[in-house]
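Here the protein sequences come in this chain order: A and B.
If you use numbering that gives the first Met the number 0, the first sequence corresponds to residues 0 to 68, in order.
If you use numbering that gives the first Met the number 0, the second sequence corresponds to residues 0 to 200, in order.
One or more hints might be untrue.
Below, simulated SDA-like cross-link-like pairs (lysine to any residue); rule was C-alpha separation at most 20 Å, straight line [to be verified]:
{"id": "1", "chain 1": "B", "residue 1": "K179", "chain 2": "B", "residue 2": "C166"}
{"id": "2", "chain 1": "B", "residue 1": "K45", "chain 2": "A", "residue 2": "T39"}
{"id": "3", "chain 1": "A", "residue 1": "K6", "chain 2": "B", "residue 2": "D40"}
{"id": "4", "chain 1": "B", "residue 1": "K83", "chain 2": "B", "residue 2": "Q25"}
{"id": "5", "chain 1": "B", "residue 1": "K83", "chain 2": "B", "residue 2": "E131"}
{"id": "6", "chain 1": "B", "residue 1": "K70", "chain 2": "A", "residue 2": "D20"}
{"id": "7", "chain 1": "A", "residue 1": "K24", "chain 2": "B", "residue 2": "E66"}
{"id": "8", "chain 1": "B", "residue 1": "K81", "chain 2": "B", "residue 2": "I91"}
{"id": "9", "chain 1": "A", "residue 1": "K24", "chain 2": "B", "residue 2": "E128"}
{"id": "10", "chain 1": "B", "residue 1": "K70", "chain 2": "B", "residue 2": "I134"}
{"id": "11", "chain 1": "B", "residue 1": "K45", "chain 2": "A", "residue 2": "E14"}
{"id": "12", "chain 1": "B", "residue 1": "K45", "chain 2": "A", "residue 2": "Y44"}
{"id": "13", "chain 1": "B", "residue 1": "K55", "chain 2": "A", "residue 2": "N28"}
{"id": "14", "chain 1": "B", "residue 1": "K179", "chain 2": "B", "residue 2": "I134"}
{"id": "15", "chain 1": "B", "residue 1": "K138", "chain 2": "A", "residue 2": "K26"}
{"id": "16", "chain 1": "B", "residue 1": "K55", "chain 2": "A", "residue 2": "I12"}
{"id": "17", "chain 1": "B", "residue 1": "K179", "chain 2": "B", "residue 2": "A59"}
{"id": "18", "chain 1": "A", "residue 1": "K26", "chain 2": "B", "residue 2": "D159"}
{"id": "19", "chain 1": "B", "residue 1": "K138", "chain 2": "B", "residue 2": "D159"}
{"id": "20", "chain 1": "B", "residue 1": "K45", "chain 2": "B", "residue 2": "L27"}
{"id": "21", "chain 1": "A", "residue 1": "K26", "chain 2": "B", "residue 2": "I38"}
{"id": "22", "chain 1": "B", "residue 1": "K70", "chain 2": "A", "residue 2": "N10"}
{"id": "23", "chain 1": "A", "residue 1": "K24", "chain 2": "B", "residue 2": "A127"}
{"id": "24", "chain 1": "B", "residue 1": "K45", "chain 2": "A", "residue 2": "I41"}
{"id": "25", "chain 1": "A", "residue 1": "K24", "chain 2": "B", "residue 2": "I162"}
{"id": "26", "chain 1": "B", "residue 1": "K55", "chain 2": "B", "residue 2": "I134"}
{"id": "27", "chain 1": "B", "residue 1": "K15", "chain 2": "B", "residue 2": "K45"}
{"id": "28", "chain 1": "A", "residue 1": "K6", "chain 2": "B", "residue 2": "E24"}
{"id": "29", "chain 1": "B", "residue 1": "K45", "chain 2": "B", "residue 2": "E164"}
{"id": "30", "chain 1": "A", "residue 1": "K24", "chain 2": "B", "residue 2": "I134"}
These aren't lab readings, by the way, just hints derived from the structure by calculation.
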Amino acid sequence: MAVNNFKELENQIIEERGSGDEDTKRKVNSNIGFFNFISTLIDLYLPKVGDVLKSMAGENEVPNKNNKK
Amino acid sequence: MIINLLNPIIVSSSSKTMTDEEAVEQYLITQNVNYFNLIYDRYTNKVYAKCISMLKDNEAAEDATQEIFVKILLSLSRFTGKSKFSTWIYSITYNYCIDMIRRDKKDIEVAVNDFSRIDHVDDNLLDAEILETNIFRLKVVLNHMNVEDKSILMMKYQDDLSIREICEMLNKTESAVKMKILRAKEKFIKIYNEHYNDKVS
């Protein structure tokens, strides 16, 4: 089999990595948790914010009879 | 989303034999973090090895690996399956590292003026000589190369990417990629010859 020291160098770097792998995994997972939390908040509250904005814009206001011709 | 959070975070043992593409699909459907962890476990070392080769610093490489996986997570829905999943991940990794180096202006400029001597060397012979370079020396030479030349050699020799895959990754034509590879090889040999007495080619 032909020698490929680029791959050997890659293997050497991976062997020297040690526990960095698990630390980084933990950080990535906490990022995923954070993103899931934010998307849950958006799922829960965005429709309500929409309702509040609609009511502020006067969606449920009774039409003024004086304006009718 | 709420339903997904209440679901038990269990991934069946068959998931270990899943292809990358299937794991991505399942993650996008279920949002189950274990499918993403499957991808992380498969690629973390490769991504890290590329980061440390490019950034030359252990801590920066770990930080970069973390940020690259977050980037992958946020872009998963944009993976179209047009290229192999590994190629897509490597592309994000190389681009991230190149941007970091450019941003910090840490790149090395290597002036290569005399290519005439190398032009006549058999390309396959040149490949063999580069691939057989002693690991310690390989590290030294790569550390003296600029990030673009180094990354294109890594795509070719370390990731076994085809010219077509490199073209897609760099968004360049086939002839442009072939020229970039040739130039990178020439720079590799020039730097090697500057550092060591047993000259290549």
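Verification of the hints:
1. The hinted pair formed by K179(B) and C166(B) meets the criterion: a straight-line CA distance of about 11 Å does not exceed 20 Å.
2. Restraint check for K45(B) and T39(A): not satisfied, since their Cα atoms lie roughly 32 Å apart, outside the 20 Å limit.
3. Note on K6(A) and D40(B): the hinted pairing holds, with a Cα-Cα distance of about 19 Å set against a maximum of 20 Å.
4. As the CA atoms of K83(B) and Q25(B) are separated by approximately 17 Å, the hinted pair is consistent with the 20 Å bound.
5. Between K83(B) and E131(B) the alpha-carbon distance is near 28 Å, which puts this suggested pair outside the 20 Å criterion.
6. At roughly 17 Å between alpha-carbon atoms, K70(B) and D20(A) fall within 20 Å of each other, so this suggested pair holds.
7. Between the alpha carbons of K24(A) and E66(B) the distance comes to roughly 11 Å, so the proposed pair stays at or under 20 Å and holds.
8. Taking the CA atoms of K81(B) and I91(B), the gap is near 15 Å; set against the 20 Å cutoff, the hint holds.
9. Distance restraint check for K24(A) and E128(B): the Cα-Cα separation of roughly 37 Å exceeds the 20 Å cut-off, and the hinted pair is therefore not satisfied.
10. At roughly 31 Å between alpha-carbon atoms, K70(B) and I134(B) are farther apart than 20 Å, so this suggested pair is violated.
11. Among the hinted pairs, K45(B) with E14(A) is consistent with the structure: their alpha-carbon atoms are about 11 Å apart, no more than 20 Å.
12. Distance restraint check for K45(B) and Y44(A): the Cα-Cα separation of roughly 40 Å exceeds the 20 Å cut-off, and the hinted pair is therefore not satisfied.
13. Pair hint K55(B) plus N28(A) does not hold up; C-alpha atoms about 25 Å apart against a cutoff of 20 Å.
14. The hinted pair formed by K179(B) and I134(B) fails the criterion: a straight-line CA distance of about 23 Å is larger than 20 Å.
15. With a C-alpha separation of about 29 Å, the suggested pairing of K138(B) with K26(A) is violated against the 20 Å cut-off.
16. Between the alpha carbons of K55(B) and I12(A) the distance comes to roughly 11 Å, so the proposed pair stays at or under 20 Å and holds.
17. For the given pair, K179(B) sits about 27 Å from A59(B) by alpha-carbon distance, which is inconsistent with the 20 Å threshold.
18. A hinted pair counts as satisfied when its Cα atoms are at most 20 Å apart, and K26(A) with D159(B) does not qualify at roughly 30 Å.
19. Of the supplied pair hints, the one linking K138(B) and D159(B) holds, its CA atoms being roughly 19 Å apart against a limit of 20 Å.
20. Between K45(B) and L27(B) the CA atoms are separated by roughly 23 Å; this puts the pair beyond 20 Å, and the hint is violated.
21. Restraint check: the Cα-Cα separation between K26(A) and I38(B) comes to about 15 Å, which is no more than 20 Å; the hinted pair holds.
22. Between K70(B) and N10(A) the CA atoms are separated by roughly 25 Å; this puts the pair beyond 20 Å, and the hint is violated.
23. Between K24(A) and A127(B), the direct Cα distance comes to roughly 37 Å. Violation of the 20 Å bound is thereby established for this hinted pair.
24. Taking the CA atoms of K45(B) and I41(A), the gap is about 35 Å. The hint is violated against a cut of 20 Å.
25. Of the supplied pair hints, the one linking K24(A) and I162(B) is violated, its CA atoms being roughly 32 Å apart against a limit of 20 Å.
26. Between the alpha carbons of K55(B) and I134(B) the distance comes to roughly 16 Å, so the proposed pair stays at or under 20 Å and holds.
27. Distance check on the hinted pair: K15(B) and K45(B) sit about 18 Å apart at the alpha-carbon level, within 20 Å; holds.
28. For a cut-off of 20 Å, the pair hint linking K6(A) to E24(B) is broken: about 30 Å separates their Cα positions.
29. About 18 Å separates the Cα atoms of K45(B) and E164(B), which keeps this hinted pair within 20 Å; it holds.
30. Restraint check for K24(A) and I134(B): not satisfied, since their Cα atoms lie roughly 29 Å apart, outside the 20 Å limit.
Checked against the numbered hints given earlier, the structure breaks hints 2, 5, 9, 10, 12, 13, 14, 15, 17, 18, 20, 22, 23, 24, 25, 28, 30 and satisfies all the rest.
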